[in-house]
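**Student:** As a plain string of letters, each chain reads:
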Amino acid sequence: MSASATIACPSGLEPAAPSENSGDIDAAPFVRRAKGTASLDLAIFGAKCAGCIAKIEKAMMGLGGMQSARLNLSTGRLSLAWRDGAVSAADVMKAIRALGYRAAPFDPQLIEADHDAEGRSLLRALGVAGFATANVMLLSISVWSGGTEMGEATVRLMHWASAVIAVPSALYAGRPFFRSALAALKRGRANMDVPISLAVILALTLSIHEFFAGGPHAYFDAAVMLLFFLLIGRYLDHRLRWRAREAARDVLALQAATARRLDADGGAVSVPAREIRFGDRLLLAPGDRVPVDGVVAEGVSYADLALVTGESAPVKCAQGDALSAGVVNLSSTLVMVATKTLDTSLIAELARLMEASEETRGRYRRLADRAAGFYVPVVHSLAVATFAGWLFLADAGLRVAALNAIAVLIITCPCALGLAAPAVQIVAAGRLFKRGVLMKSGDALERLAEAQSIIFDKTGTLTLGRPMLTNRDEIPADAFDAAAALARVSRHPLSRAVVVAAGPGEAAADAAEFAGLGVEGTWRGQRARFGSPEWAGVSAPGSQAPGMSAWLAIGDDAPVRFSFEDTPRADAAAVIRTLSDMGLEPELLSGDRTPVAAAMARALGITRWRAEVGPREKAARIAELVAAGAKPAMVGDGLNDAPSLAAAHASLAPGTAAAASQSAADFVYLGDRLDGVVEAVKVSRKARARLIENFAFAALYNFIAIPIAVFGLVTPLIAAAAMSGSSVVVILNALRLSGKRGAKR
Amino acid sequence: MSGLLYLIPIALFLGGVGLAAFLWALKSGQFEDPEGAAARILLDDDLEADESSQRERMSR
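Top line first, the protein sequences correspond to chains B and D.
Heads up, the first sequence is in this note's numbering, so the first residue is 1 and it goes up one at a time.
Heads up, the second sequence is in this note's numbering, so the first residue is 746 and it goes up one at a time.
Keep in mind the hints are simulated off the structure, nothing from the lab.
The beta carbon of each residue, even a glycine, is placed where N, CA and C say it ideally should be.
Treat each hint with caution, since some may be false.
In silico EDC-like cross-links for lysine to aspartate or glutamate, where the CA-CA straight-line distance does not exceed 16 Å [unchecked claim]:
1. K631(B) with E450(B)
2. K55(B) with D789(D)
3. K631(B) with D571(B)
4. K340(B) with D280(B)
5. K48(B) with E780(D)
6. K434(B) with D91(B)
7. K340(B) with D321(B)
8. K772(D) with E118(B)
9. K58(B) with D789(D)
10. K316(B) with E298(B)
11. K682(B) with D581(B)
12. K631(B) with D675(B)
13. K772(D) with D116(B)
14. K58(B) with D91(B)
15. K35(B) with D84(B)
16. K48(B) with D778(D)
17. K340(B) with E275(B)
18. K316(B) with E534(B)
Ranges between beta-carbon positions, derived for each pair [as the list claims (entries may be wrong)]:
19. R593(B) with K772(D): 58 to 64 Å
20. K772(D) with E149(B): 40 to 46 Å
21. D116(B) with L752(D): 38 to 44 Å
22. A627(B) with P779(D): 44 to 50 Å
23. P779(D) with G267(B): 27 to 33 Å
24. I786(D) with R602(B): 55 to 61 Å
25. A322(B) with G774(D): 47 to 53 Å
26. A756(D) with A213(B): 46 to 52 Å
27. I718(B) with K772(D): 34 to 40 Å
28. L752(D) with P707(B): 50 to 56 Å
29. A756(D) with L63(B): 50 to 56 Å
30. V762(D) with K186(B): 51 to 57 Å
With the rest of the complex left out, here is chain B:
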């Protein structure tokens, strides 16, 4: 809260509130050092405007020894370089946090892979194709409109100049298509790039031949224009995937796995998680995430297993208890001994399960690919039939037959098809992004639109993943104030829930937390205890109803019970209802205990549910549905959900999910609400409709254009007009998706 108060962002978009339980990530292991200069790249969350740039860069330059500080507002990345030893990484992080922004270090290994080489080469190809299209058009149009007035020598000069521009440009700009077509042919398949490459190469050879043979027509303009339009589609598609990956990387940076390793002399050093070896002693402060599997060596604390098993209540852990990677330490400092490395920990095992599941999804064929599978043979056989027909039936000679066959290939150019899918996807991604939903791949839209049922995880997905006080009305005001005063000194989630319910106030004097038991302190002159039943002196264990509870005892009064529940997100019931109205049957698969899951299913009106299911059973249930052809969509956040997310036909994860789950999911939605799921389903269904319309239009266009080409009536002018006309129509249709209805909130 304090963070948003210190920011006065003119754009009105306040920065993401720093999450409560995670402290600053120690950036020290991510600093790169060379020639006395230390450099560090940070992901900055919340920077939105010029004021943010000025504030952050100024504060950074104010640190002694800082040599350069540059914030990239588009990517939210801050690059710093300073004289080694002058400032520490912790000072930098602290300075950024003091401004109210949240920062996370980038792993240098990730930065190496960061350079968008493919995007650059696509842009260069696009630039070259654009240059060639404009200049060849200049020459072509004068030939078309000059018509009879132009002497033959002049026409030849024009064609010669066109060839000089178009041939090298097309060979350069067409490389992405040639490469992809070759790769597909090697695998014995035909993708859309095969007819594209064929059309470009044949148009060039035919035009060169016609030039030397002295023919009236040249198709240089068609070849480069085809490439120009298709490269626009290709670049949009690439950009979409790149931005999604960048967003995913920012999230990963936030969860940067570092650990504090204890040396033999007792000092703590920050190390990246992948450098942890078997037997290392690690210090876990409250709020820290367990980096690798291990056992507790010292200390008693509560641990949050929600991301690992889906269990919503905090679990007590003491010396000798096993901790798996991904568990969050809640209440007090622990020392653990690593029993595995990062590569062999639970997370790695789940990652292997995910890989196995992802293979099945890799077999999904996109609509565009399916259209290409139908389109390619039809167009090729039509071209061959045209050639044969003119040669044998019309007896028109080799030259005319070849000319008309190639005209068929050019006019059926898949401009509309090649642009249709990327244009629809990028508009859909933009609309979802505005609503806080990140889309990871274009075909995710198609898969989500096809889904017939939707599976939810409980803890952290349908619920907020943190307990809330449920019986405030039954608690006497005095007892409530006492509990709040005691709870303010504790980091235990149940204490936090009481503090949230009570609001800000004074902590009880001399209150102290006893790990695994509760809090004790003085309240209005009397000794008060708040915590477990034993701690508060509750003798009858039979009084324990299901769910989480804590007890308060003041002096010798009877203990008061505080009940807690992991409450559903505010709009969970509405979202479930909307989804079932949309024909998606909801189902609940929870790793939590049966009574808790049953209560949740009842409260939200879900009839199909299962409780106490592990990651394998979850993935098995998904596989069962997939095998039955039910095309399930999965929504989950825990590590235990990651394999099912990967196995499902389409998957969504909240922004608070574990890193592995976010990378397995097709969509990541941000914020405390669940309606991102509804929005994603709605947009993907609309996108699918636009896509099908675009394909239908492309088919209609070919239906009209092909006879013209088959009967040899196509001139370069007709080809150019048809090509640009159809491209513009599919783009306009895709833009309808961003419509005004999407803008209103």
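Using the hints, position chain D against chain B.
**Tutor:** Just chain D, lined up with the frame of chain B:
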């Protein structure tokens, strides 16, 4: 029609200049941070600090 003999090369040259400018801009990172570039023109209250940081960047 002989005018074409120099008009076509001139048109090509101008187009080529445009293409070269685009490729240069791409290479020199002009498209790295479009949002930041739009925002930075509004920064004028701390010209001094900005210039000194600029100088340091240049000297690297």
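**Student:** To test your reading of the hints: which numbers does this structure violate?
**Tutor:** Failing hints, ascending: 3, 6, 12, 23, 26, 28, 30.
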